[in-house]
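Engineer: Residue numbers (the numbering used here), protein chains in the order written: chain A, 1 to 532; chain B, 1 to 532.
Because the hints were derived from the structure by calculation, they are not lab data.
These numbers were taken from a predicted model, which means no experiment stands behind them.
C-beta atoms are modelled at their ideal positions from N, C-alpha and C, and glycine is treated no differently.
Not everything, but these chain A residues come out facing chain B in the computed CB check (under 10 Å):
| hint | residue |
| --- | --- |
| 1 | E164 |
| 2 | S166 |
| 3 | R221 |
| 4 | A228 |
| 5 | A243 |
| 6 | A406 |
| 7 | G489 |
DEER-style ranges, computed between Cβ atoms:
| hint | chain 1 | residue 1 | chain 2 | residue 2 | range |
| --- | --- | --- | --- | --- | --- |
| 8 | A | N185 | B | S410 | 17 to 27 Å |
| 9 | B | D496 | A | A14 | 53 to 63 Å |
| 10 | B | P504 | A | D2 | 33 to 43 Å |
| 11 | B | A182 | A | A357 | 36 to 46 Å |
| 12 | B | P275 | A | S425 | 36 to 46 Å |
To spell it out: a stretch of chain A is covered by chain B in this simulated footprint if at least three of its residues, at any positions, have a beta carbon under 8 Å from a beta carbon of chain B; those stretches are:
| hint | segment |
| --- | --- |
| 13 | 209-218 |
| 14 | 232-239 |
| 15 | 255-266 |
| 16 | 437-446 |
| 17 | 474-488 |
| 18 | 503-517 |
Protein chains: 2
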Amino acid sequence: MDMLWSGWGDPAKAAPLPESVTGLLRDLLGVTPRDSGPPALDGIETPAPALTDEARAALRTALAAPDGLREDAESRLRHTRGKSTPDLLRIRAGEVDDDIPEAVVLPSSHDEVLAVLRACVAHGLAAVPFGGGTSVVGGLAPTTKRSFVALDLRRLDGLLALDEVSRTATLQPGLRGPQCEALLNERGWTLGHFPQSFEWATVGGFAAARSSGQASAGYGRFDEMVLALTVATPEGTLETGRAPRSAAGPDLRQLVLGSEGALGVITAVTVRIRPLPTSRVYEGWRFASFEAGTAALRRLAQDGPRPTVLRLSDETETFVGLAQPDAIGSTELPRNPGCVAIVGYEGTDEDTAVRRATAREVLLACEGEFIGEEPGDRWEHGRYNAPYLRDALLDAGAFAETLETAAFWSAIPGLYTAVRDALTSTLTEAGTPPLVMCHISHTYENGASLYFTVVSAQGEDAVAHWAPAKRAANDAILAAGGTISHHHGVGTDHRDWYAREIGPLGIRMLQAVKAEVDPSGVLNPGVLVPLR
Amino acid sequence: MDMLWSGWGDPAKAAPLPESVTGLLRDLLGVTPRDSGPPALDGIETPAPALTDEARAALRTALAAPDGLREDAESRLRHTRGKSTPDLLRIRAGEVDDDIPEAVVLPSSHDEVLAVLRACVAHGLAAVPFGGGTSVVGGLAPTTKRSFVALDLRRLDGLLALDEVSRTATLQPGLRGPQCEALLNERGWTLGHFPQSFEWATVGGFAAARSSGQASAGYGRFDEMVLALTVATPEGTLETGRAPRSAAGPDLRQLVLGSEGALGVITAVTVRIRPLPTSRVYEGWRFASFEAGTAALRRLAQDGPRPTVLRLSDETETFVGLAQPDAIGSTELPRNPGCVAIVGYEGTDEDTAVRRATAREVLLACEGEFIGEEPGDRWEHGRYNAPYLRDALLDAGAFAETLETAAFWSAIPGLYTAVRDALTSTLTEAGTPPLVMCHISHTYENGASLYFTVVSAQGEDAVAHWAPAKRAANDAILAAGGTISHHHGVGTDHRDWYAREIGPLGIRMLQAVKAEVDPSGVLNPGVLVPLR
Chain A
1 MDMLWSGWGD PAKAAPLPES VTGLLRDLLG VTPRDSGPPA LDGIETPAPA LTDEARAALR
61 TALAAPDGLR EDAESRLRHT RGKSTPDLLR IRAGEVDDDI PEAVVLPSSH DEVLAVLRAC
121 VAHGLAAVPF GGGTSVVGGL APTTKRSFVA LDLRRLDGLL ALDEVSRTAT LQPGLRGPQC
181 EALLNERGWT LGHFPQSFEW ATVGGFAAAR SSGQASAGYG RFDEMVLALT VATPEGTLET
241 GRAPRSAAGP DLRQLVLGSE GALGVITAVT VRIRPLPTSR VYEGWRFASF EAGTAALRRL
301 AQDGPRPTVL RLSDETETFV GLAQPDAIGS TELPRNPGCV AIVGYEGTDE DTAVRRATAR
361 EVLLACEGEF IGEEPGDRWE HGRYNAPYLR DALLDAGAFA ETLETAAFWS AIPGLYTAVR
421 DALTSTLTEA GTPPLVMCHI SHTYENGASL YFTVVSAQGE DAVAHWAPAK RAANDAILAA
481 GGTISHHHGV GTDHRDWYAR EIGPLGIRML QAVKAEVDPS GVLNPGVLVP LR
Chain B
1 MDMLWSGWGD PAKAAPLPES VTGLLRDLLG VTPRDSGPPA LDGIETPAPA LTDEARAALR
61 TALAAPDGLR EDAESRLRHT RGKSTPDLLR IRAGEVDDDI PEAVVLPSSH DEVLAVLRAC
121 VAHGLAAVPF GGGTSVVGGL APTTKRSFVA LDLRRLDGLL ALDEVSRTAT LQPGLRGPQC
181 EALLNERGWT LGHFPQSFEW ATVGGFAAAR SSGQASAGYG RFDEMVLALT VATPEGTLET
241 GRAPRSAAGP DLRQLVLGSE GALGVITAVT VRIRPLPTSR VYEGWRFASF EAGTAALRRL
301 AQDGPRPTVL RLSDETETFV GLAQPDAIGS TELPRNPGCV AIVGYEGTDE DTAVRRATAR
361 EVLLACEGEF IGEEPGDRWE HGRYNAPYLR DALLDAGAFA ETLETAAFWS AIPGLYTAVR
421 DALTSTLTEA GTPPLVMCHI SHTYENGASL YFTVVSAQGE DAVAHWAPAK RAANDAILAA
481 GGTISHHHGV GTDHRDWYAR EIGPLGIRML QAVKAEVDPS GVLNPGVLVP LR
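The shape of chain A in the complex, shown without the other chains (with noise of 0.2 Å):
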């Protein structure tokens, strides 16, 4: 099934806002109805293809399958762009502009990626690997003259290899979530990573945008994952990876990961996997301020046992009930919520019988209160559903966008205050109040990250309008000592944050990797690094 083209997910999971949220929306924020949904995929305009015959003819030979290669409009419109706020709001306004490939290919092997890459080359045409197309930060929008082709990898979608002893699978980058885990699962194994892209994004992307899921605290996050990799470029195969641990040099694998189709393609990518659990159980907890639940966090971070999921809501997301999308404007909510936690366990029915103990007095000891598997139940049933509440919101004419960053445990609680007041000064002084809610999405022994979400009216020119909040926001987190990414990635959006977070020295490493890897620069130019 392919994704909506103009938003997130099943198109037959859309469902419009309850009129309970329609009015808050109204009533808090001045959110006034949009006349008019997306148009219809095949009203908008796109500009005509412009392969050169040569260049056809070449793409045509590195794939061996005759549909490998594809130059309708649906197929370039549906690879177009990645699902940020913006990415969405251009293309529901039809807006077509020069960051539409001339072509999708399909390749079937890593060897046919090579090919096509080298076709690439030879033709002065760019390429950018598309997974499941979730990208929120730009990662599919290269800036580049050049014209450029869709690399598509789905049709790489295999399990390579099953290593049960060292517990490690060999997996191809189109696999989406749902497959990899279903694949794994049937033979009793689980792969543990459910980022909310989940559904629909890939273990290529998982890999070149280290991607974190909701269960990184028992699983850790998918760049912790990764033991071994294959990687096509320009210039050849790169296979990296020979053991969990190595004094061999840098990490080459730690070079790839993160580089988000800039320095190759990945084709194979070995993990780690885990015994499926027997045992699930997600709570609720509350605590009467962010700081409080922060302290508790950090403490089951520190000391352990680390719960499988940990999160938790600051007042203002608990207080709108996004922590349970599904929940958002229920007459249920207390006034004062204070601040909920969602605690899960996943394992052995001992280890979580042990781990769920041994951390339940430990929260009592930080001052929670337990409430229940009622909001665990409650996150595990809505978990993926908040890029649908997004389509809904923009539907009723609202702006809503997330954005992400982590630190240092003693710079959390500046971070926090310096991004939510960045956010909320510069949409208020734009005419737009807004509601800036927040979480702490995954927690380590030395820090931990932090997750915004904004939701506003969208003022006259929606994606202008964002624009300098998202700057603010950015500014606000080099400034407090945060990471302009925590599991977002850099793409073309985050790029000039990225260069200031890294310096000029790093940005120039990165660069001389990339002109050896990829001299012509094909590779999705403009992401991560400018173009030299």
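Starting from the known structure of chain A, fit chain B onto it as the hints suggest.
Structural biologist: Frame of chain A; chain B shown alone:
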């Protein structure tokens, strides 16, 4: 205190082998006593220092301290090579070549390191970063026609910051293991990094060479502890690491870690720290075979609970008693001791007790036999003694060297056999049948490391005699799917095998980074990657 120039450690701690061991060496391996030990330090002829007046003046200007530049023979000899057995054999023979530095420089700050590197660029010198001088892989022996200076970091030995909320410490690179622990311990914290070289190696070296300590099962490898790095290069400063984890591009920390001075000089390292344990216990377990013991270690590494220390000697190592170096040759050893594992727990009293009790059940289920705390205590007492033992073996006319690798669990049995056979057959064919011992030194969910110790007679020219065996072991490691080093590093000794491990494109990526940060090739030339 300076290390023994011709061998390991504190000269006062040197001790001859007991009669029982020299007898064993003679009877079992045909080791015949050598005529003499190493020559006197002041008896060694060193080539005259070749710094030009201009270079000398520039280095003096770069350093504030009047004694920051040293050209005397003793300083230069003490900074010649590292501590591999071939290094020791050559220095014991009074053999000094173009691998002696022209001078030793002792900067006191990051800015002085930058200034030294600029002076080297201006005057055609190379610079070899020098921490504890404990490299066993040729990491201090550049391949260059140029003159070079040893850049000794011992004066950068401060604790720059301690963040008790985030549990991080920022350390200067010249801190030796015990200095570093003392600074942290007095505030109630520990790094938990205890490699065999602990007493002499430095924080900068731990990072540059991806060190792994004896308690890595509990505290992790050094590269897993590093959260941020400051690096001086001829092209300026790199600062990397603003959060425990980030999706902002490739992880540049992991590009610097393992770069062995070839990509920059590490001038500050921020690491995670842990509360000082209140309880420490080490115990012995016996298994019928290496295979059975390996299965038990794997089960703990994969399903927990993870001990803090976890190592398993094979039959030969158990028999010889090298697992407890002080007991070598002891007549108390049973005839067939099986394979002994050392299992240790450090932490709070409660945590230690719980993990120990749970692990005990697992080890019993894996047919382990508990043999009490005495083997654990002996291991703890002798944990840093093996390099002293090597000096005594060399004094007695024997040859002794170690090498190590790592792989995924399913490759471990084949790797073990391949390396042991390669060493045994090569040295036996050369007329000096060896004792080859092995232990699993570090465990991970997905694999483990193997640490081999070889003892034999020296042969006519001991360095040349060893070379084919070392090459055969390296070839066997790659052929069996292992990495060329789990924690010793690449240096110049492993460089050719490293190139085979990561492939030509991997080498080109690193060379491109090196050319960018070090266009004149000043930094440890020929170490890690070949000169371009």
